[in-house]
Amino acid sequence: MGDGVAAAAAHLPEQEMPVHLVTLPLQLPRCFVEPNAAHALAIGLDCEGVDLARHGRLCIMQLAFQDAIYLVDAVQGGDALMQACKPALESPHVTKVVHDCKRDSEALYFQHGIKLNNVFDTQIAHSLIELQQGRQWIPDDCISFVDLLADAKYCGVAYDEKDEVRSLLRKDPEFWTHRPLTNMMKRAAADDVRFLLRIHRNMVQRLDAFSAWELSIRSSLFCRCFCGEDDGFANWPALPAIPEELAARHEDPEEVLAVVDVPKGRMGRIIGRKGASIVAIKESCRANIFIGGTKGPPDKVFVIGPLKEVRKAEAILRGKVV
Numbered sequence: 000m001g002d003g004v005a006a007a008a009a010h011l012p013e014q015e016m017p018v019h020l021v022t023l024p025l026q027l028p029r030c031f032v033e034p035n036a037a038h039a040l041a042i043g044l045d046c047e048g049v050d051l052a053r054h055g056r057l058c059i060m061q062l063a064f065q066d067a068i069y070l071v072d073a074v075q076g077g078d079a080l081m082q083a084c085k086p087a088l089e090s091p092h093v094t095k096v097v098h099d100c101k102r103d104s105e106a107l108y109f110q111h112g113i114k115l116n117n118v119f120d121t122q123i124a125h126s127l128i129e130l131q132q133g134r135q136w137i138p139d140d141c142i143s144f145v146d147l148l149a150d151a152k153y154c155g156v157a158y159d160e161k162d163e164v165r166s167l168l169r170k171d172p173e174f175w176t177h178r179p180l181t182n183m184m185k186r187a188a189a190d191d192v193r194f195l196l197r198i199h200r201n202m203v204q205r206l207d208a209f210s211a212w213e214l215s216i217r218s219s220l221f222c223r224c225f226c227g228e229d230d231g232f233a234n235w236p237a238l239p240a241i242p243e244e245l246a247a248r249h250e251d252p253e254e255v256l257a258v259v260d261v262p263k264g265r266m267g268r269i270i271g272r273k274g275a276s277i278v279a280i281k282e283s284c285r286a287n288i289f290i291g292g293t294k295g296p297p298d299k300v301f302v303i304g305p306l307k308e309v310r311k312a313e314a315i316l317r318g319k320v321v
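The sequence shown begins at 0 in numbering that gives the first Met the number 0 and counts up by one.
To be clear, the hints were calculated from the coordinates, so they are not data collected in a lab.
Here the structure is a predicted model, which means the values were calculated and not measured.
Any given hint might turn out to be false.
Said to hold, decoys possible - Listed next, with one range per pair, are the computed distances between beta-carbon atoms:
id, residue 1, residue 2, range
1, 253, 172, 36 to 42 Å
2, 143, 293, 45 to 51 Å
3, 12, 321, 54 to 60 Å
4, 268, 204, 18 to 24 Å
5, 271, 245, 35 to 41 Å
6, 237, 133, 28 to 34 Å
7, 177, 314, 24 to 30 Å
8, 79, 236, 41 to 47 Å
9, 272, 39, 28 to 34 Å
10, 12, 271, 48 to 54 Å
11, 240, 181, 27 to 33 Å
Where is the CB? At the ideal position from N, CA and C, for every residue including glycine.
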């Protein structure tokens with residue numbers, strides 16, 4: 000089950016894609032487990048679990064190919080199965096199309112030692128396309144996956160079943176740990192990646208060259224966002240370099256990730272009453288600012304954006320806790 004997955008010339012209608020449950024490495028497509036430059040590949044990717052983050056539990060990883068969807072069962076397959084996926088998830092030859100990669104990347108890194116690489120984050124891509132078209136930058140203006148699916152420019156598909164799954168998760172936080180997987184669980188997991196490659200194709204057509212580079216580096220930084228450690232990401236893949244012709248036309252294009260440590264008991268000063276302080280900081284800096292929150296790390300603030308804006312945000316954040 001495998002060589003023909005990426006080789007298929009025609010795209011199957013997404014609704015007709017077969018869904019395969021994977022519990023053993025040999026059930027994964029060969030084009031995925033043996034990535035190479037001669038056969039570049041794009042796949043849709045998502046993860047499901049319990050309180051998905053560094054301390055939660057990753058239960059299923061969904062992979063959408065052109066003609067099939069694979070549900071990688073991390074509960075039954077364990078770390079051995081996830082390690083079989085590691086070369087592709089870290090490969091520059093496999094584009095991983097993800098909607099909001101931050102917590103998925105965190106879970107993969109802390110639970111399985113996987114450094115998610117070469118990501119096309121559809122949430123970031125949507126924001127960049129909107130800015131290209133003249134929309135004003137607004138902090139935290141991030142489209143939901145349901146709304147992105149419904150947008151006729153990219154997909155035009157209603158996803159009403161998502162509310163049903165959210166309701167089940169509220170009633171049973173351990174929902175994704177139950178085995179065997181029911182047909183409803185398989186369908187819900189598959190639907191989260193079923194249309195990602197269609198969205199990817201439509202977004203690529205709309206991104207200009209500079210926005211495409213911004214997307215590549217910002218997706219890389221978002222993958223690292225909650226994975227900060229003391230080594231400064233020294234062992235992570237190198238960030239995408241800006242092409243010379245783009246650097247010559249854009250002043251100070253460098254984008255960075257900064258991690259601000261907050262002394263114990265001082266996070267309240269940054270958040271402020273009813274969130275007023277953090278909102279004001281976000282509005283004063285053209286950068287993305289994230290707090291670890293209940294999923295952690297609770298004592299850090301992560302800032303991603305143009306170098307000057309990130310340094311400005313750092314100064315304001317540190318001033319709040321002095």
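Results for each hint:
Between residue 253 and residue 172 the CB atoms are about 41 Å apart, so this pair conforms to the stated range of 36 to 42 Å. Between residue 143 and residue 293 the Cβ separation comes to about 20 Å, which falls outside the hinted range of 45 to 51 Å. Our hint of 54 to 60 Å for residue 12 and residue 321 holds, since their Cβ atoms are close to 58 Å apart. Range check, residue 268 to residue 204: about 45 Å between beta-carbon atoms, so the 18 to 24 Å window is missed.
Checking the proposed 35 to 41 Å range against residue 271 and residue 245 shows it holds: the Cβ atoms sit about 38 Å from each other. Separation of residue 237 from residue 133 is about 33 Å and conforms to the stated range, judged on CB atoms against 28 to 34 Å. Remark: the range hint 24 to 30 Å for residue 177 to residue 314 is contradicted by a beta-carbon distance near 48 Å. Between residue 79 and residue 236 the Cβ separation comes to about 23 Å, which falls outside the hinted range of 41 to 47 Å.
Between residue 272 and residue 39 the beta carbon distance is about 50 Å. The supplied range of 28 to 34 Å is therefore violated. For residue 12 and residue 271, the Cβ-Cβ distance of about 49 Å falls inside the hinted range of 48 to 54 Å, so the restraint holds. Roughly 46 Å separates the CB atoms of residue 240 and residue 181, a value that falls outside the hinted 27 to 33 Å.
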